[in-house]
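There are 2 protein chains.
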Amino acid sequence: MLSQEYYELKEIVDNHILDFMPEIDTKTNTLFEAMKYSLLAGGKRIRPILMLTFFKIASNNKMDISFAIPYAEAIEYIQTYSLIHDDLPAMDNDDYRRGKLTNHKVFGEDIAILAGDGLLSAAYEIMLKDSLLYLTDSDLLKRKVKASFELSKGTGVRGMIQGQVADVENEAKSCTAELLEFIDANKTGAFIKSSILVGCYLGGATKELLEDATVYGESLGHAFQIVDDIMDVISTKEERGKNVGGDATNEKNTYPSIYGIEESKKQALKLLEKAENSVSKYNANQVALDIVAYLKEQII
Amino acid sequence: MLSQEYYELKEIVDNHILDFMPEIDTKTNTLFEAMKYSLLAGGKRIRPILMLTFFKIASNNKMDISFAIPYAEAIEYIQTYSLIHDDLPAMDNDDYRRGKLTNHKVFGEDIAILAGDGLLSAAYEIMLKDSLLYLTDSDLLKRKVKASFELSKGTGVRGMIQGQVADVENEAKSCTAELLEFIDANKTGAFIKSSILVGCYLGGATKELLEDATVYGESLGHAFQIVDDIMDVISTKEERGKNVGGDATNEKNTYPSIYGIEESKKQALKLLEKAENSVSKYNANQVALDIVAYLKEQII
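So the sequence lines, in the order shown, correspond to chains A and B. Just so you know, we're using the numbering used here here: the first sequence kicks off at 155 and counts up by one. Just so you know, we're using the numbering used here here: the second sequence kicks off at 155 and counts up by one.
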């Protein structure tokens with residue numbers, strides 16, 4: 155179970171998720187409707203919450219959280235764009251996500267593509283506009299620029315996007331353990347790690363914290379993907395109402411498909427312990443431990 | 155005809171267009187191949203050239219052009235992503251652009267979507283990485299941040315993308331002159347104006363130059379779209395080998411479709427004169443005048 159502190163941070167993210175959105179303009183209603191639809195489609199906000207948590211750790215709880223909020227918004231805009239584009243017919247071709255129709259099923263493919271592009275552009279517009287508020291304080295401005303760059307790296311072509319490409323390209327092919335590692339580290343891990351480092355940069359982290367946060371982010375990010383893949387297999391079985399064993403229709407390369415469920419659980423737990431250890435020495439890290447515990451619960 | 159100075163700037167842009175690209179990695183070969191394919195598909199590089207021109211005007215030719223080059227690269231990455239996504243089957247569904255197969259015809263729709271997302275992300279990664287080089291000079295860092303923000307605005311959901319949405323949504327519908335103005339100003343004009351202002355910010359423009367450059371950018375951007383629409387009609391006629399009058403199969407709302415060819419030419423020439431006048435007092439503006447003259451030639 156996630157702690158109250160997690161839900162407090164989630165409420166902050168939810169309350170600010172539409173800060174960037176304009177008053178409705180009849181000429182482009184649909185664009186903003188489509189962006190809002192997916193922003194409000196019920197995400198757990200794990201990435202911005204991780205960012206805010208590490209911002210609090212890095213700043214020893216001494217900085218006002220408003221300093222980091224635009225970056226929480228930006229992170230969730232990037233997460234949302236990536237889901238909209240992932241769901242498109244040419245990609246995963248999903249009609250539903252979290253029980254709701256996917257963006258293109260509601261607004262059409264053209265608007266879904268543009269809404270995704272719009273969310274990605276908006277993420278940078280939000281961060282850069284926010285940075286302009288700190289032109290007179292070069293120390294804080296530097297933190298903002300470092301944080302924005304970190305996010306662009308983690309979610310860009312040497313991070314999340316190259317992971318997606320490798321995933322798409324190797325579907326329905328057998329895949330080495332090394333390639334699976336590469337896919338997971340980039341497709342899922344890079345963005346999670348970046349979100350954590352964004353919080354560190356904004357909060358003025360020490361070199362030591364940056365190193366520990368990197369270990370935490372890499373371990374958690376990897377475990378996150380493995381747990382997700384395990385859940386996919388388990389929930390497929392439940393839907394079928396019986397234990398059918400390996401899902402032969404699943405063409406994605408995953409930990410369970412290569413190592414089997416039990417070995418995958420073992421690996422995930424090992425990674426989650428590593429994540430836990432990397433931040434145990436810091437105070438105010440309840441949420442960082444929460445998320446680890448939450449992932450453990452899913453597979454124990 | 156465009157001047158030698160134009161082609162000198164184009165050569166600079168062309169020589170640096172792949173600066174961001176990595177050594178080939180076998181795991182994600184296709185992503186970078188797809189990005190490169192469209193980056194090298196023969197664009198005129200008008201936006202980055204306009205940016206470099208105004209950078210030179212703003213800095214009185216006193217700053218090294220290398221200061222602005224990463225932004226030229228970023229601008230062309232954004233232009234290229236927007237073309238790849240525009241050409242997709244769910245959008246304009248074009249098989250060819252400038253006589254070459256469009257990105258999705260060569261690499262598939264999934265990779266084309268990801269290559270577009272990758273180019274957009276890379277644009278910000280390039281600008282932000284470059285900004286990190288100026289952490290010790292807060293005046294230059296501020297210029298970089300202002301320039302990046304300007305570009306995010308012009309190409310984002312209150313600029314280019316809202317123009318594309320309004321365009322897509324009003325296809326095959328009759329359209330008021332006011333709405334057409336809105337579409338043109340955003341779909342084409344906003345990015346051109348932003349590119350110009352990026353150059354101004356990087357070069358440390360005076361308030362007066364910023365104002366004149368805004369007039370130039372808005373007038374040129376608008377004229378650019380009108381001339382493009384006129385050329386579309388004219389080249390359609392040529393392809394058909396006879397003068398067929400208005401093209402009834404063209405479902406887009408354009409100046410020619412609302413005002414007719416002659417009135418559209420008149421309006422474009424008026425805008426081009428306005429652009430010319432707005433920069434005539436500045437030295438070193440040969441390329442800014444070149445581009446105006448080039449557009450005039452197309453329709454006279």
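Quick caveat, the hints were computed from the structure, so don't treat them as lab data. Honestly, I wouldn't trust all of these hints.
Copies of one chain are not kept apart here, so a pair can be met inside one copy or by any two copies together.
Keeping only pairs whose Cα atoms sit at most 20 Å apart, straight-line, the calculated EDC-like set for lysine to aspartate or glutamate is [to be verified]:
(1) 300 x 284
(2) 406 x 293
(3) 198 x 451
(4) 198 x 444
(5) 254 x 162
(6) 259 x 246
(7) 300 x 444
(8) 406 x 263
(9) 428 x 159
(10) 259 x 323
(11) 428 x 365
(12) 190 x 323
(13) 283 x 293
Keep in mind the model is a prediction, meaning the values are calculated, not measured.
Now for the hints, and whether the structure bears them out:
no. : hint      : result
1   : 300 x 284 : both (13 Å within a copy, 11 Å between copies)
2   : 406 x 293 : neither (45 Å within a copy, 49 Å between copies)
3   : 198 x 451 : within (16 Å within a copy, 56 Å between copies)
4   : 198 x 444 : within (13 Å within a copy, 53 Å between copies)
5   : 254 x 162 : neither (25 Å within a copy, 53 Å between copies)
6   : 259 x 246 : both (13 Å within a copy, 19 Å between copies)
7   : 300 x 444 : neither (27 Å within a copy, 39 Å between copies)
8   : 406 x 263 : between (24 Å within a copy, 18 Å between copies)
9   : 428 x 159 : neither (22 Å within a copy, 58 Å between copies)
10  : 259 x 323 : between (25 Å within a copy, 16 Å between copies)
11  : 428 x 365 : within (13 Å within a copy, 56 Å between copies)
12  : 190 x 323 : between (31 Å within a copy, 18 Å between copies)
13  : 283 x 293 : both (17 Å within a copy, 17 Å between copies)
Consistency with the previously given hints fails for numbers 2, 5, 7 and 9, ordered from lowest to highest.
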